[in-house]
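Participant: Plus 423 on top of the position in the first sequence (first one is 1) and you've got our numbering.
I should point out that these hints are in silico values taken from the structure, not numbers from a laboratory.
Ranges between beta-carbon positions, derived for each pair:
#: 1; residue 1: E792; residue 2: V666; range: 27 to 33 Å
#: 2; residue 1: H657; residue 2: T740; range: 32 to 38 Å
#: 3; residue 1: A609; residue 2: S541; range: 30 to 36 Å
#: 4; residue 1: G545; residue 2: T740; range: 44 to 50 Å
#: 5; residue 1: A721; residue 2: G650; range: 31 to 37 Å
#: 6; residue 1: R627; residue 2: E670; range: 16 to 22 Å
#: 7; residue 1: S682; residue 2: L582; range: 24 to 30 Å
#: 8; residue 1: E631; residue 2: G545; range: 36 to 42 Å
#: 9; residue 1: I756; residue 2: D735; range: 20 to 26 Å
#: 10; residue 1: R592; residue 2: P668; range: 18 to 24 Å
#: 11; residue 1: G545; residue 2: T725; range: 44 to 50 Å
#: 12; residue 1: E737; residue 2: W580; range: 43 to 49 Å
Heads up, the beta-carbon is just placed ideally off N, CA and C, and yes, glycines get one too.
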Amino acid sequence: MTATPFAFRVEGTSGLARAGTLELPHGTVRTPAFMPVGTHGAVRGLHPAEVRRAGAQIILGNTYHLHLRPGEEVVAQMGGLHRFTTWDRPMLTDSGGFQVFSLEGLRKITEDGVTFTSHVDGSLRHLTPEKAMEIQWALGADIAMQFDHVVPGQASWELAEEGMERSLRWLARCRARHGELAGGTARQALWPIVQGGTHDDLRRRSLEGILRQGPWTGVAIGGLSVGEPKPVMHRVLDGLAPVMPAEVPRYLMGVGFPSDLLEGIARGVDLFDCVAATRNGRHGTAWLATGRVNVRSAALRTSDAPLDPECDCETCTTFSRSYLRHLFVVEEILGLRLVSLHNIRFLIRLGEEARRRILDGTFDPWRREWLARHEGSTE
RNA sequence: GGUGGGGUGGCCGAGUGGCUAAUGGCAGCAGACUGUAAAUCUGCCGGGUUCACGCCCUACGUAGGUUCGAAUCCUACCCCCACCA
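Kindly produce the complete structure, drawing on both the sequences and the hints.
Facilitator: In structure tokens, the structure reads:
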């Protein structure tokens with residue numbers, strides 16, 4: 424394959440929904456797609472071969488966490504994140520910007536960057552836009568994300584503006600440093616992130632500011648699903664949809680739940696990532712076409728049925744609900760793994776089917792039915 | 001046979017006169033989780049009734065007793081454990 428790196432081709436649309444193909448140095452990603460999260464260079468609990476068989480085309484790693492352990496210099500010495508982890512398909516690294524939000528209380532923000540008190544050993548770690556680029560370059564994922572300032576969903580206009588404007592200024596610094604590191608090579612793309620909290624005017628300004636600094640090979644939307652009500656997230660996406668560039672992939676960061684994927688796709692989003700699939704999997708919640716089940720539930724004690732009869736994953740085609748429940752009750756790690764695997768496959772399959780439906784023109788009615796069925800019942 | 005220790009809610013185990021339907025833990029049941037400080041966290045957990053507050057019933061080996069009031073003090077009995085014989 425000698426396709427232009429980072430080229431994105433839209434192959435079909437259905438309303439705002441798009442089916443596309445993204446060319447990356449380590450392979451092609453067909454969208455819409457869900458990207459499993461492997462913060463520390465591993466999708467929690469799963470073997471890379473399992474993640475691959477689940478149909479994952481691209482996975483994430485995290486700048487902040489990999490910087491703390493093992494350190495980007497170790498990863499670089501081991502041949503980069505791909506060789507280190509043996510994952511040979513595309514990868515994306517998040518910048519540590521989300522930790523500005525999630526580790527609030529362990530961090531201090533200045534214009535220069537963010538000082539974190541390491542949750543590992545308490546040592547002080549200063550992350551700047553430049554440093555985030557250097558770390559991600561050393562890690563060597565196909566896509567690096569800008570270092571951004573994420574504010575909570577309840578953030579006031581003033582606070583959201585501050586985070587948004589700072590993110591724009593940091594973007595310029597990210598771009599400059601990334602350009603120096605890349606030196607004209609096409610090994611790694613840098614993607615910007617739209618911020619602005621729940622305020623439509625700020626979101627627009629953020630996007631405009633980003634596009635002025637472009638061109639970009641992809642644009643992300645960040646700072647959603649961070650405490651704001653779901654209709655608010657939809658409204659923000661609705662506001663952005665008409666002004667987002669059509670020729671590059673749109674990546675909704677950190678979202679989601681199954682319904683979020685369909686709602687996002689319907690609003691023109693192409694890529695998603697979320698820890699919920701694996702975290703809920705470890706905590707015993709499995710997503711089904713008909714809703715969700717708590718795998719520990721006493722109701723499954725003697726159920727010989729598959730976890731999700733409609734699923735083709737290794738968990739559902741192999742084990743009974745009764746056995747999965749048993750594994751959770753006795754705290755065998757196999758249980759956590761199997762439900763994580765199912766949830767990941769569930770979201771990936773949802774992306775696959777959305778893609779088929781967009782291409783054959785049945786996306787919208789299918790989406791409506793799917794959501795009604797999924798949200799109408801909790802088993 | 002003797003001496004000492006002990007019997008508490010499904011289990012383990014605090015509690016030695018009122019603040020005790022009784023600390024904790026486990027088990028059980030239910031819920032939360034969205035760019036991973038999470039194999040984590042939260043709630044319920046004697047029975048009945050109530051949306052809830054509450055009210056009623058039953059309960060700390062058994063049976064009596066002391067006391068305004070007992071899981072807590074006294075008596076007898078039953079059972080368990082340790083050591084001695």
